[in-house]
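Chemist: Let the hints inform the model, and build the full structure from the sequences given.
Chain residues, written in single-letter form:
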Amino acid sequence: MAAERRPPRGSTIVPGLAYSALGLRTLTVIWLTVSLTLVGLALWRGHLWLWVAVGLWWIGTGYDAWRRLEGRRPRLWPAVLIALAAIYGVGWEVTEIHPLAPFERFDKMRPYLIALTQPDLLTYPTERQVLRIPVEVPCIHAPSPKEVRGEARVWLSADCAQPGDLLTLHGEGFPTGPSLELWWVNPIGERQRILQEGRPLSPQVDTMGRFQTTFIAPRAVPLGFEPPPGQSQTHFLELHIVRVIGGPRPSEALLEVAEKMGETVAIALLATTFAVLIAAPLSFLAARNLMGGSPLTRLIYYAMRGFLNIVRSVEPLIFGIVFVVWVGLGSFAGMLALMVHSIAALGKLFSEVVEHIDPGPVEALTATGANRLQVIRYAVVPQVVPEFVSFAVYRWDINVRMSTIIGFVGGGGIGFRLSEWIRLSAYRQVATAVIGIALVVMALDYVSAQVRRRIV
Amino acid sequence: MPLIVDRLTKIYPDGTRALHEVSFTVEDGEFVAIIGLSGAGKSTLLRCINRLIEPTSGRVIWNGIDITAASPRELRKIRRQIGMIFQQFNLVKRATVLTNVLTGRLGYVNPWLSLLGYFPPSEVQRAMRALERVGLADLADKRADELSGGQQQRVGIARALMQEPRLLLADEPVASLDPVLAHSILRYIEELNRKDGVTVLCSLHFLDLVHRYATRVIGLKDGIKVFDGRPDEIDDRRFKEIYGQEAERIGG
Ligand SMILES: Nc1ncnc2c1ncn2[C@@H]1O[C@H](COP(=O)(O)OP(=O)(O)O)[C@@H](O)[C@H]1O
Ligand SMILES: [Mg+2]
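These protein sequences, in sequence, are chains F and L. Using numbering that gives the first Met the number 0, the letters of the first sequence correspond one by one to residues 0 to 455. Using numbering that gives the first Met the number 0, the letters of the second sequence correspond one by one to residues 0 to 251.
Rather than coming from a laboratory, the hints here were simulated on the basis of the structure. Cβ coordinates follow ideal geometry from the N, Cα and C atoms, glycine included. Each hint should be verified, as a subset may be incorrect.
[Said to hold, decoys possible] Calculated Cβ distances over 12 Å to all of chain F for the following chain L residues:
id, residue
1, Glu53
2, Lys76
3, Asp140
4, Ser147
5, Asp170
6, His204
7, Lys220
8, Asp227
9, Pro230
10, Lys239
[Unchecked claim] With beta-carbon atoms standing in for the labels, derived distance ranges:
id, chain 1, residue 1, chain 2, residue 2, range
11, L, Glu53, F, Gly88, 55 to 61 Å
12, L, Glu29, F, Asn288, 33 to 39 Å
13, L, Asp65, F, Gly292, 16 to 22 Å
14, L, Asp140, F, Asn288, 55 to 61 Å
15, L, Glu53, F, Trp325, 43 to 49 Å
16, L, Ile3, F, Asn288, 19 to 25 Å
17, L, Arg16, F, Thr296, 34 to 40 Å
18, F, Asn288, L, Gly14, 19 to 25 Å
[Claimed, not checked] Under 8 Å between C-beta atoms, here's a sample of chain L residues computed to sit facing chain F:
id, residue
19, Thr67
20, Ala68
21, Ala69
22, Arg79
23, Phe85
24, Asn109
25, Ser113
Modeler: As structure tokens, this is what we get:
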């Protein structure tokens with residue numbers, strides 16, 4: 000700073016002015032940007048302490064400018080600290096950071112954690128014997144116990160009930176092996192499991208072959224089928240005696256997870272393959288060393304670069320939403336989403352590989368009179384193929400992870416089912432899916448690492 | 000038909016003047032050594048002749064054709080008659096020796112078939128003959144990077160042979176090799192020059208090699224031609240003109 004053109008001391012009252020008077024262009028711009036940011040934040044959030052921060056920032060930078068003016072060492076850090084504190088303060092508030100939430104709300108997570116230890120993997124083929132007891136709803140006459148005889152004998156504490164009434168079911172002469180389930184069937188045949196505290200009720204038979212269980216008569220009148228006043232409808236209580244007849248089988252959830260994981264891997268495989276086929280030629284157009292020749296090729300190079308960078312910056316999930324609207328729900332939409340993103344991601348990586356090849360063979364083959372395509376075919380392709388393959392395998396691996404997610408927006412694969420199970424709070428099925436995803440992803444991770452290690 | 004280099008100048012985009020108004024004429028069958036310190040412009044000169052590097056100004060005329068004015072298609076036709084070998088051999092390392100040799104023929108074969116990797120049997124036989132000539136026929140199926148440096152340079156020569164060149168540009172072909180190997184490589188080039196009558200332009204590092212093989216020497220210093228004559232004309236004064244006052248002559 001020129002001493003003879005020293006700005007007046009008073010200019011430090013408006014710090015930005017002092018900086019510009021001192022000829023510190025960068026600092027002036029920074030000061031202006033930070034000041035505008037802080038004032039903007041203060042206007043937006045409307046907190047008094049933000050205005051205080053604005054004031055302190057001004058004082059701090061004014062102090063710094065004054066020191067510079069006096070020819071002393073700059074001291075900007077207090078002002079910078081204040082600005083950072085204000086910005087992080089607002090950030091903290093906006094992010095609604097609540098550090099205790101994970102602990103306070105642990106009960107929301109517990110069922111999932113428990114389910115992880117007991118995923119829905121196996122089922123046992125069963126045979127069920129059904130005993131039906133009619134129940135009149137609502138009670139018109141005085142209730143009397145209702146008995147059903149079979150091999151075993153069961154009786155209900157009343158032959159009619161209002162929804163919400165307590166009913167007790169007794170049983171005698173039951174074998175201890177089979178498990179028991181209670182179902183309620185309404186007049187149009189809809190069946191619902193009888194629950195107790197949210198869990199399916201399963202009465203336990205004692206050593207004498209007897210059981211007794213109390214439950215609440217559910218509200219099961221179908222909409223539009225309400226009985227006319229003064230009349231009742233016949234519902235049924237069903238007691239299912241469920242015998243296991245044979246060894247374990249894969250559960251429905253397990254079969255479905257397996258099938259959907261297969262679908263997920265296939266979506267990723269096709270997306271990656273198509274992407275490689277498209278990205279490989281494009282990458283040559285996006286490689287500086289091959290496209291430096293003429294203004295036209297350089298234009299193509301920049302256009303290609305720009306295209307790849309823009310497409311790459313869009314998350315596959317967003318493409319997923321777009322393609323679900325475009326081509327409809329399902330795997331094809333997911334495949335397209337992953338493919339488009341992969342084309343850009345691979346195109347960029349491939350073009351960097353091409354840019355780092357040994358230029359010697361290119362020079363040598365150009366000198367023999369080979370044309371551009373021949374040079375690419377014989378001098379470039381052999382150099383890049385191993386790395387292309389390595390990146391492609393890696394991309395496949397990434398795409399498998401992504402395609403598990405893309406199902407959440409309707410792009411097929413396991414994600415779609417998983418999102419449904421989460422909505423239905425089907426904890427054990429969620430656990431099955433999560434475990435399935437983890438296993439497949441880990442396996443592919445390993446395979447892809449091995450393949451890449453062998454190639455490069 | 001002679002090779003005429005006429006006031007050839009190359010200024011790189013960064014402003015480096017690598018060649019300045021270099022002119023000379025080479026008659027058919029000459030073996031011209033290009034000498035000069037590293038950075039003198041030897042590589043630039045050789046590459047300007049087949050336009051691997053575009054000259055800034057000046058002309059290169061060969062067989063009566065102005066190479067510097069040739070269209071891309073004409074240029075490829077010209078290039079396929081000009082063999083080139085390099086200090087770093089510039090082989091495709093992951094390809095086989097045979098494929099490397101065949102690529103020397105790319106300017107002649109059907110371009111579309113060649114993209115599919117197909118070469119007619121006659122060309123494969125030609126490649127085998129070229130390999131026999133440099134004594135490597137039994138290594139045809141090896142990967143190029145499995146060969147020693149001397150062998151790789153012989154593959155480079157075989158690749159140039161495939162072009163049936165009338166002119167051979169060699170950019171320090173033996174600078175990465177042991178002195179013993181250097182002679183064996185240069186003898187192949189000499190044989191091409193003597194037997195097949197191929198004109199040779201070859202940049203060289205060691206004066207003893209120049210004396211042994213060249214019929215003529217062109218000396219470059221900072222992109223300017225400072226010497227043009229017979230090898231035995233390089234006396235101490237000439238030597239210092241080319242290599243600078245501090246340089247000392249070893250042997251030669
Ligand atoms: N691509 C390039 N861009 C800029 N300068 C270059 C380039 N290639 C070579 N040069 C410069 O041109 C001069 C001549 O280089 P070169 O022809 O390689 O000399 P030589 O082969 O005799 O060692 C050197 O100063 C070198 O640094
Ligand atoms: Mg050189």
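Chemist: Checking against the hints above, which ones are violated?
Modeler: 1, 2, 5, 14, 16, 17, 19, 20, 21 and 24
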